[in-house]
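Asks: From first to last, the protein sequence lines stand for chains A and B.
Going by this note's numbering, the first residue of the first sequence is number 1, and it counts up by one from there.
Going by this note's numbering, the first residue of the second sequence is number 1, and it counts up by one from there.
There could be a bad hint or two in this list.
[To be verified] Dumping the calculated PhoX-like pairs for lysine-lysine here, alpha-carbon to alpha-carbon at most 25 angstroms:
no., chain 1, residue 1, chain 2, residue 2
1, B, Lys29, A, Lys170
2, B, Lys7, B, Lys63
3, A, Lys219, A, Lys81
4, B, Lys7, A, Lys42
5, B, Lys82, B, Lys57
6, A, Lys42, B, Lys101
7, A, Lys83, B, Lys7
Note that these hints are calculated values from the structure, not bench results.
One letter stands for each residue in the lines below.
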Amino acid sequence: MIKFLNPSYIFYLTGKILNFIKIFVIPIIIIGVIFSLFISPKDYIQGDAVRIMYVHVPSAWISLSCFALISFLCVINFIFKIKSISLIYKSLAPIGLTFNFIAIFTGSLWGEPTWGTWWAWDARLTSMLILIFFYIIFILSYKFITNPERSSKICTLISVLGLINLVIIKYSVNWWPTLHQPSSINLAGETTVHFSMLIPLGIMLFGFLLYTALIFLMKYRIETIRVKKKSLKKL
Amino acid sequence: MLNIKTKNRLSIFIAISALSIIIIIFILKTLEDNVLYFYSPTDVEESNKMVFGDTIKVGGMVKNGSIKTNENEIKFIITDYKNEIIVSYKGTVPALFAEGKGVVAEGSLQDKKFFLAKRILAKHDENYMPPEIKESLEKNAK
C-alpha cells in the first residue's frame, strides 16, 4: 500500500499510463470524426449543422466536470491539508479551460446558421462565459501566489464560487427562458437525441476524455518535477 | 475523530459556502429582469411596466398557419398557448424559422398585441433526429 503513495512510484506509473493512452487518442478521435462527419445522418431541421454538436457537447461536459473535480479537490485540500492534491487540481485546470473555449467557439459556429446570431446574452451562454473567467482567475491565482497556504485558501474560495456557477449553468435552461435549448441527454429522464446520433457523440466523448487524461498526466508530471526541483534548490 | 484544526476549517468552509450561495441568490433575484432573455406573450399581457417603443425581446412558438409573407414584409403570430402577439418584420429570417417552432423576436411593442421586430432569432428545441425518422413519426401520427 505504501508503495502506491510513493511519489516516485506514482511518477513511474503515470509515465506507463501516459504511454498507453498515447497510442489510442488519435485513432479514436479519427474514428469519431469519420462517424460524425460521414456516417451519422443529417438532422431533420438543422441539416449538416448538427455535426458541430459532436464536438460542442463533449467539450462542454468535460469543461464542466473538470471544474467540478477541481472544486472538490480544492475543498478536500483546504480541509484536510493533503499537499499532493494541489498538484492534481493545478494540472486539471488548463485542459478544462481549453475545452471551455472549444465549447463556446463551436457553439458560436452552430448558433450562426441555426439561431441567426453568433452570440446572445442569455443565461446559459453568459454563465458559460463566466466559467471561462473563473478558470482564468483560478489559473492566475495558483501561478502568482507562491505561498502554498494562501494559494490553497484563495483557490478554494474561487472554486466554491465557481461551483455555484456550475449549478447555474446546469439549470439555467430550466429556470429562465433562454435561447439555448434545454438539455437533450438526461441520465434520469428521456433522451431526445436519436440513437444514430448518439454513437458519434459517444465516440467523440471517449476520445476527448482520453485526450484530457493525456494532457492532465503530462501536466501532472511537469508539476511533480517542478516541486522536486524546488526542494533540491533548498538543499 | 477529526482534530480541532480540521474541524475549524470545515466549519469555515461551510460558513463561506452558505454565505456565497445566499449572496448569489440575492444577486440573481435583483438581476431577474436582465437574466430573462425574452418575455412570453403572457408576460407582456400581464405586465404594467412595459413601455411601448422600448427595445425588448418576445419569444414563444410561431402559431401554425400564421405566417403571411408580402412583398417586403413577413407577419406571424407568436403564441405561448395562452396569449398571442402579432409580429411584423422586414428582412431575412434564419433557416430554422418555421411554423410550430420556437422563435425570439427583438424589437418594440406598438401595443399589447402588435410587435414590430427588428431582428428574428430561431430557437431550436432539444430534439435531434434524422429526416427519415421524422417522416415516419409524422406518418404514424396521422
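Asks: Evaluate each hint against the coordinates.
Replies: Verification of the supplied hints:
Of the supplied pair hints, the one linking Lys29/B and Lys170/A holds, its CA atoms being roughly 18 angstroms apart against a limit of 25 angstroms. Annotation: proposed proximity of Lys7/B to Lys63/B is violated, straight-line Cα distance about 59 angstroms (limit 25 angstroms). Taking the CA atoms of Lys219/A and Lys81/A, the gap is about 21 angstroms. The hint holds against a cut of 25 angstroms. Taking the CA atoms of Lys7/B and Lys42/A, the gap is about 56 angstroms. The hint is violated against a cut of 25 angstroms.
At most 25 angstroms may separate the alpha-carbon atoms for a hinted pair to count; Lys82/B and Lys57/B meet this at roughly 18 angstroms. Of the supplied pair hints, the one linking Lys42/A and Lys101/B holds, its CA atoms being roughly 19 angstroms apart against a limit of 25 angstroms. Restraint check: the Cα-Cα separation between Lys83/A and Lys7/B comes to about 18 angstroms, which is no more than 25 angstroms; the hinted pair holds.
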